[in-house]
Amino acid sequence: MAVSPATRLDAHKLRADFAVFDELVGGKPVAYLDSASSTQKPRQVLDAMREFYEHSYANVHRGVYDLAERATAGYEGARAKVAAFVNAPSHRELIFTRSATEALNLIAYSWGLDNLGPGDVVVITELEHHANFVPWQFIAKRTGATFAHIPIDDLGELQLDHLDEIASRGNVKVVANNLVSNTLGTINPVEKLAAWAHEQGAIMVVDAAQAAPHKKIDVQALGCDFLAFSSHKLCGPSGAGALWGRRDLLEAMQPFNLGGEMIRSVSLDRTSWNELPYKFEAGTPAIAEAYGFGEAIDYVSEVGLDAIEAHEHELVVQTMDALAEIPGIRIFGPPADRRTGIVSFELEGVHPHDVAQILNWEGVAVRAGHHCTQPLMTRLGVAATTRASFYLYSLPEDVDRLVAGLRKVKDTFGV
Amino acid sequence: MSELDQMYREVILDHYKNPRSHGVLEPHDAHAEGQNPLCGDEVTVYVRYDGDVIADVSFEGRGCAISQAATSMLTEIVKGRTAAEVAVMPKDELLEEIGIPLTPIRLKCALLGLGVLKVALHNSKGTPLPEEWQGMGDDLDLG
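Heads up: the protein sequence lines correspond to chains C and F, in order. Going by our numbering, the residue at position 148 of the first sequence is 148; the numbering climbs one at a time, nothing skipped. Going by our numbering, the residue at position 94 of the second sequence is 94; the numbering climbs one at a time, nothing skipped.
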């Protein structure tokens, strides 16, 4: 990947925005290699949220007083930022949710329950996070639809030559796929899948939780119908997620949760729904978190998605090269140029939980487990993996500490 | 002693690498399996009775060193005891045997085998099952 100076970021400089990197955790500076799970938060986002709470806070969409106006303007301003971040045609198509998981559940329930039945086929992939797998498995079961999966090859790439066989099993109605695999980092061919889904008369649902923080996303270029992502993986607070959906689909869908802002009027015998996007936002939302989501988008946009992608690529290459030198390590997933900043691996003879425990004492924070992708673990023939993942503040020195820690694990276990 | 030496002390690594009573027990009168969703540990325990006494016990599974070593140690503790005794065995007895400091998350690893064994005893002998183990093995029926 060619990187021009203009698209480079200075991770050392950016770390000044993150207080945790000035501290000792367990007696050591932390090499935080679990950003795919959740990122650290820059002071710009935290300061903005504090300021919002101190000077502009009230419930939204209700009061006529100044504070309520300010709060609503902050909340709706964030919606516009989040919508623009994925190039949504209209901010009215952008629904704030609690998380990407809730956004995917919203589609599965509100769209799936009314549009699926016997003879229909729901297509997911072997790479999905449980959040884009289990809701579809559950709704397929409830509606009598067939639940089919696109298998992967040994490198974790989708085997699209299975699509014809899947189409022969019934009416394909929905295709759900993550743009980037949270376990392997694989960048999936969502545009191709979206085109195929539309040929079948199906909708395309994209889980972008792991993609949105790391590469530019354009829902119109992807050609998808729904796209879900979250705030906390891109330097924003937890408790805020986003669902973008095509307006005609959202208009036709029944609401997901009922009560509060999603209602237009209620009488003893009937209730009508508010307009988009409020129809899908029941109850008082996570107001300051949504506001912080917008601030986080400003922060990562200023650093630049292209620069973030290039920075992570360099760290992935460094990590994969270094791990390849260690006997007994098996790296999962595709080559570096086909993935974002994630490296999953196993160390023969040592369970990932033990790897992570010993790395922790070296100040290295990695994730060990199935990463909410148990069908993928089954396909790979492992119960769990160790995963190192990067973000804009990650350093080559973090990777060096990971490698040194892995040598200590090997010494301890005598492998 | 460092944290590393405390947790991965020799006896733990020995039980992990050379688990006692490992494999399917044939014949067996009871068995149960369980998982620790946090790190994907899996344990299946097999029991053979002589009356109410646990005449023999074995396990198989895969998972972290703590979960597998603890279950291995557990088999040595419970052989020859009655089902009723083991059903009310306090977890501290096993934890003292393991003898290492455990964080709340790793505690779940260490106690997986004991919970699975108590489920096996409950299913075969009707011994009381503490509430914390009652959900074990339940899942969504998607079949």
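Simulated from the structure, these hints should not be mistaken for lab results. Here the structure is a predicted model, which is why all the values come from computation and not from measurement. Treat the hints with care, since some could be wrong.
[What the hints assert, rightly or not] Straight-line C-alpha distance at most 27 Å; calculated DSS-like pairs for lysine-lysine: (1) F/K125 <-> F/K108; (2) C/K215 <-> C/K81; (3) F/K108 <-> C/K408; (4) C/K410 <-> F/K91; (5) F/K17 <-> C/K408; (6) C/K28 <-> C/K408; (7) C/K216 <-> C/K192; (8) C/K216 <-> C/K13; (9) C/K13 <-> C/K192; (10) F/K17 <-> C/K410; (11) C/K28 <-> C/K13.
[To be verified] Okay, the calculated bits of chain F under chain C, using three or more residues with CB under 8 Å as the criterion: (12) 4 to 13; (13) 55 to 64.
Built from N, CA and C at the ideal position, the CB exists for glycine as well.
Verification of the supplied hints:
| no. | hint | in the structure |
| --- | --- | --- |
| 1 | F/K125 <-> F/K108 | holds (25 Å) |
| 2 | C/K215 <-> C/K81 | holds (16 Å) |
| 3 | F/K108 <-> C/K408 | holds (25 Å) |
| 4 | C/K410 <-> F/K91 | violated (31 Å) |
| 5 | F/K17 <-> C/K408 | holds (18 Å) |
| 6 | C/K28 <-> C/K408 | holds (16 Å) |
| 7 | C/K216 <-> C/K192 | holds (17 Å) |
| 8 | C/K216 <-> C/K13 | holds (23 Å) |
| 9 | C/K13 <-> C/K192 | violated (39 Å) |
| 10 | F/K17 <-> C/K410 | holds (14 Å) |
| 11 | C/K28 <-> C/K13 | holds (20 Å) |
| 12 | 4 to 13 | holds (count 4) |
| 13 | 55 to 64 | holds (count 3) |
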